[in-house]
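Engineer: So the sequence lines, in the order shown, correspond to chains A and B. Going by this note's numbering, the residue at position 57 of the first sequence is 57; the numbering climbs one at a time, nothing skipped. Just so we're on the same page, this note's numbering is the position in the second sequence counted from 1, plus 104.
To be clear, the hints were calculated from the coordinates, so they are not data collected in a lab. Note that the structure is predicted; figures quoted are calculated from it, not measured. Heads up, a few of these hints could be off.
[What the hints assert, rightly or not] Keeping only pairs whose Cα atoms sit at most 25 Å apart, straight-line, the calculated SDA-like set for lysine to any residue is:
{"hint": "1", "chain 1": "B", "residue 1": "K317", "chain 2": "B", "residue 2": "P297"}
{"hint": "2", "chain 1": "A", "residue 1": "K32", "chain 2": "B", "residue 2": "D200"}
{"hint": "3", "chain 1": "B", "residue 1": "K345", "chain 2": "A", "residue 2": "H101"}
{"hint": "4", "chain 1": "A", "residue 1": "K61", "chain 2": "B", "residue 2": "Y250"}
{"hint": "5", "chain 1": "A", "residue 1": "K33", "chain 2": "B", "residue 2": "Y277"}
{"hint": "6", "chain 1": "B", "residue 1": "K276", "chain 2": "A", "residue 2": "R98"}
{"hint": "7", "chain 1": "B", "residue 1": "K363", "chain 2": "A", "residue 2": "S13"}
{"hint": "8", "chain 1": "B", "residue 1": "K276", "chain 2": "A", "residue 2": "T89"}
{"hint": "9", "chain 1": "B", "residue 1": "K362", "chain 2": "A", "residue 2": "N72"}
{"hint": "10", "chain 1": "B", "residue 1": "K220", "chain 2": "A", "residue 2": "F43"}
{"hint": "11", "chain 1": "B", "residue 1": "K362", "chain 2": "A", "residue 2": "V47"}
{"hint": "12", "chain 1": "A", "residue 1": "K16", "chain 2": "B", "residue 2": "P192"}
{"hint": "13", "chain 1": "B", "residue 1": "K198", "chain 2": "A", "residue 2": "D82"}
{"hint": "14", "chain 1": "B", "residue 1": "K276", "chain 2": "A", "residue 2": "T76"}
{"hint": "15", "chain 1": "A", "residue 1": "K61", "chain 2": "B", "residue 2": "M361"}
{"hint": "16", "chain 1": "B", "residue 1": "K220", "chain 2": "A", "residue 2": "L97"}
{"hint": "17", "chain 1": "A", "residue 1": "K16", "chain 2": "B", "residue 2": "K276"}
{"hint": "18", "chain 1": "B", "residue 1": "K220", "chain 2": "A", "residue 2": "K7"}
{"hint": "19", "chain 1": "B", "residue 1": "K317", "chain 2": "A", "residue 2": "T76"}
{"hint": "20", "chain 1": "A", "residue 1": "K16", "chain 2": "B", "residue 2": "D365"}
{"hint": "21", "chain 1": "A", "residue 1": "K35", "chain 2": "A", "residue 2": "T89"}
{"hint": "22", "chain 1": "A", "residue 1": "K65", "chain 2": "A", "residue 2": "A99"}
{"hint": "23", "chain 1": "A", "residue 1": "K16", "chain 2": "B", "residue 2": "Q236"}
{"hint": "24", "chain 1": "A", "residue 1": "K16", "chain 2": "B", "residue 2": "Y190"}
{"hint": "25", "chain 1": "B", "residue 1": "K344", "chain 2": "A", "residue 2": "S103"}
{"hint": "26", "chain 1": "B", "residue 1": "K296", "chain 2": "A", "residue 2": "T25"}
{"hint": "27", "chain 1": "B", "residue 1": "K220", "chain 2": "A", "residue 2": "K30"}
{"hint": "28", "chain 1": "A", "residue 1": "K30", "chain 2": "B", "residue 2": "R301"}
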Amino acid sequence: MNTSSKKILVRTSVAKDLVTRNAATEFFKKLKKIKSNTVVLDFTGVVFMSRSFADEYIAQKNSFKTDINEINMPDTVERTLDAVSHVRTTRIEVPRLRAEHLSI
Amino acid sequence: MVFMDLPLLLDCYVQFCTYRTAYKENKVLSLEDATWFCPTTLLPLGDFLSELDKSKYVLPKNIGVKNYISTILEKHVEPHKVDDTYIPIMKASKFDQTHSEIICDLISKNMGIAEKTSVKLAVGELLDNVDQHSRCTSASFMAQRYEKMRFVEVSIFDNGITIPGSFRNSGKYGELTDPDALKKAIGGMSTKPENTRGHGLPTFISVLTGALKGEALIVSGEAAYYIESNNNEKLYKLDKKDGLSGTLIGMRIPLPMKKADVYEYIK
Numbered sequence: 001m002n003t004s005s006k007k008i009l010v011r012t013s014v015a016k017d018l019v020t021r022n023a024a025t026e027f028f029k030k031l032k033k034i035k036s037n038t039v040v041l042d043f044t045g046v047v048f049m050s051r052s053f054a055d056e057y058i059a060q061k062n063s064f065k066t067d068i069n070e071i072n073m074p075d076t077v078e079r080t081l082d083a084v085s086h087v088r089t090t091r092i093e094v095p096r097l098r099a100e101h102l103s104i
Numbered sequence: 105m106v107f108m109d110l111p112l113l114l115d116c117y118v119q120f121c122t123y124r125t126a127y128k129e130n131k132v133l134s135l136e137d138a139t140w141f142c143p144t145t146l147l148p149l150g151d152f153l154s155e156l157d158k159s160k161y162v163l164p165k166n167i168g169v170k171n172y173i174s175t176i177l178e179k180h181v182e183p184h185k186v187d188d189t190y191i192p193i194m195k196a197s198k199f200d201q202t203h204s205e206i207i208c209d210l211i212s213k214n215m216g217i218a219e220k221t222s223v224k225l226a227v228g229e230l231l232d233n234v235d236q237h238s239r240c241t242s243a244s245f246m247a248q249r250y251e252k253m254r255f256v257e258v259s260i261f262d263n264g265i266t267i268p269g270s271f272r273n274s275g276k277y278g279e280l281t282d283p284d285a286l287k288k289a290i291g292g293m294s295t296k297p298e299n300t301r302g303h304g305l306p307t308f309i310s311v312l313t314g315a316l317k318g319e320a321l322i323v324s325g326e327a328a329y330y331i332e333s334n335n336n337e338k339l340y341k342l343d344k345k346d347g348l349s350g351t352l353i354g355m356r357i358p359l360p361m362k363k364a365d366v367y368e369y370i371k
């Protein structure tokens with residue numbers, strides 16, 4: 001049985017501030033090329049993850065066929081991922097606002 | 105022109121419109137006597153001036169303000185000087201992950217921003233929106249700390265297809281007025297097919313007004329939206345002459361920044 005695993009440093013592969021949804025998409029494109037049973041994502045040095053990056057990360061991870069093991073995830077990133085995973089399918093209320101005419 | 109009952113952030117946009125109207129009437133724009141521009145005026149003004157021949161405007165006499173204007177007229181600007189009071193203008197053909205990281209890094213290092221994660225969570229959604237939706241050819245960012253007035257102002261401008269334009273292009277919602285499209289964007293409706301999308305602007309507003317107790321202005325096409333921390337919000341239909349070919353977002357965060365569990369404000 002092949003039990004290989006490959007460790008990826010997220011900071012080196014993406015950035016220390018993970019901001020755009022496209023960056024998450026591109027990151028998983030790279031991961032899909034790895035021939036391994038498990039991918040270990042090492043978050044050492046990462047300081048921030050945006051809501052958009054987190055949402056795409058969760059979506060990509062859910063459809064990823066290889067096991068992902070996350071290590072050294074900072075509290076800020078873990079809490080963002082946790083918050084986004086709880087609210088990402090929640091509907092938001094459209095404000096009941098009527099537009100005022102403004103002529104400058 | 106000053107509208108007494110308008111929020112000050114919206115008045116910054118009014119100031120830009122007043123200059124633009126003056127140019128259209130006089131065929132030349134004099135900024136000679138300008139002594140101060142806030143970021144929310146400066147970014148769209150810079151974009152407007154960049155379309156004009158140099159002979160059509162007169163730069164301010166004030167050296168500092170003149171330098172501001174000259175900087176933003178350049179096509180690409182990397183932040184050249186950093187200090188505790190401002191993040192200088194950054195301008196690029198688009199904002200992607202690389203630009204976003206530079207801006208996040210500046211937020212981390214400068215301006216004495218205490219609540220870095222909160223500010224990045226707010227600003228990050230705007231940067232991603234520029235990357236995902238705007239189809240712009242020019243985007244700019246600037247932040248300024250006003251110590252005496254006790255706030256930080258952050259502004260982002262892109263000259264893209266606008267939020268209403270993006271909604272119309274998607275074909276998902278039929279014919280929409282600009283204010284209705286902006287209202288949908290603020291309310292979490294998305295131009296994308298996935299049902300998890302559309303949370304960027306609501307998260308920006310929630311983090312800014314809830315965690316940071318700030319206020320925000322969004323101007324896009326012929327619509328504007330303003331909200332403050334007590335959730336007092338207003339939606340405006342702008343005259344065509346007062347609209348914007350792009351999207352401008354200005355925010356003011358009071359100092360000292362409030363400590364809050366920002367993750368509760370993620371939408």
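Engineer: Against each hint, give a clear statement of whether it holds in the structure.
Structural biologist: Against the structure, the hints:
1. B:K317 with B:P297: violated, 32 Å
2. A:K32 with B:D200: Holds, at about 22 Å.
3. B:K345 with A:H101: holds, 13 Å
4. A:K61 with B:Y250: violated, 42 Å
5. A:K33 with B:Y277: It is violated: about 38 Å lies between the C-alpha atoms, which goes past 25 Å.
6. B:K276 with A:R98: Distance ~21 Å between K276 (chain B) and R98 (chain A) Cα, so the pair holds.
7. B:K363 with A:S13: violated, 32 Å
8. B:K276 with A:T89: holds, 19 Å
9. B:K362 with A:N72: Measuring from Cα to Cα gives roughly 28 Å; hence the hint is violated.
10. B:K220 with A:F43: Given pair K220 (chain B), F43 (chain A) holds - Cα atoms ~19 Å apart, limit 25 Å.
11. B:K362 with A:V47: holds, 20 Å
12. A:K16 with B:P192: holds, 21 Å
13. B:K198 with A:D82: The given pair, whose Cα atoms are some 30 Å apart, is violated under the 25 Å limit.
14. B:K276 with A:T76: violated, 35 Å
15. A:K61 with B:M361: Distance of about 35 Å is beyond 25 Å: violated.
16. B:K220 with A:L97: Status violated; Cα separation ~32 Å.
17. A:K16 with B:K276: Distance of about 36 Å is beyond 25 Å: violated.
18. B:K220 with A:K7: Answer violated: K220 (chain B) to K7 (chain A) is near 29 Å, above 25 Å.
19. B:K317 with A:T76: holds, 20 Å
20. A:K16 with B:D365: holds, 22 Å
21. A:K35 with A:T89: violated, 32 Å
22. A:K65 with A:A99: At roughly 48 Å apart (the allowed maximum being 25 Å), A99 (chain A) and K65 (chain A) break the hint.
23. A:K16 with B:Q236: holds, 20 Å
24. A:K16 with B:Y190: It holds: about 22 Å lies between the C-alpha atoms, which stays within 25 Å.
25. B:K344 with A:S103: holds, 9 Å
26. B:K296 with A:T25: holds, 15 Å
27. B:K220 with A:K30: Not satisfied, since the Cα-Cα distance of roughly 29 Å exceeds 25 Å.
28. A:K30 with B:R301: Holds - the C-alpha atoms of R301 (chain B) and K30 (chain A) are around 23 Å apart, at most 25 Å.
Hints 1, 4, 5, 7, 9, 13, 14, 15, 16, 17, 18, 21, 22, 27, counting from the list given before, are not met by this structure.
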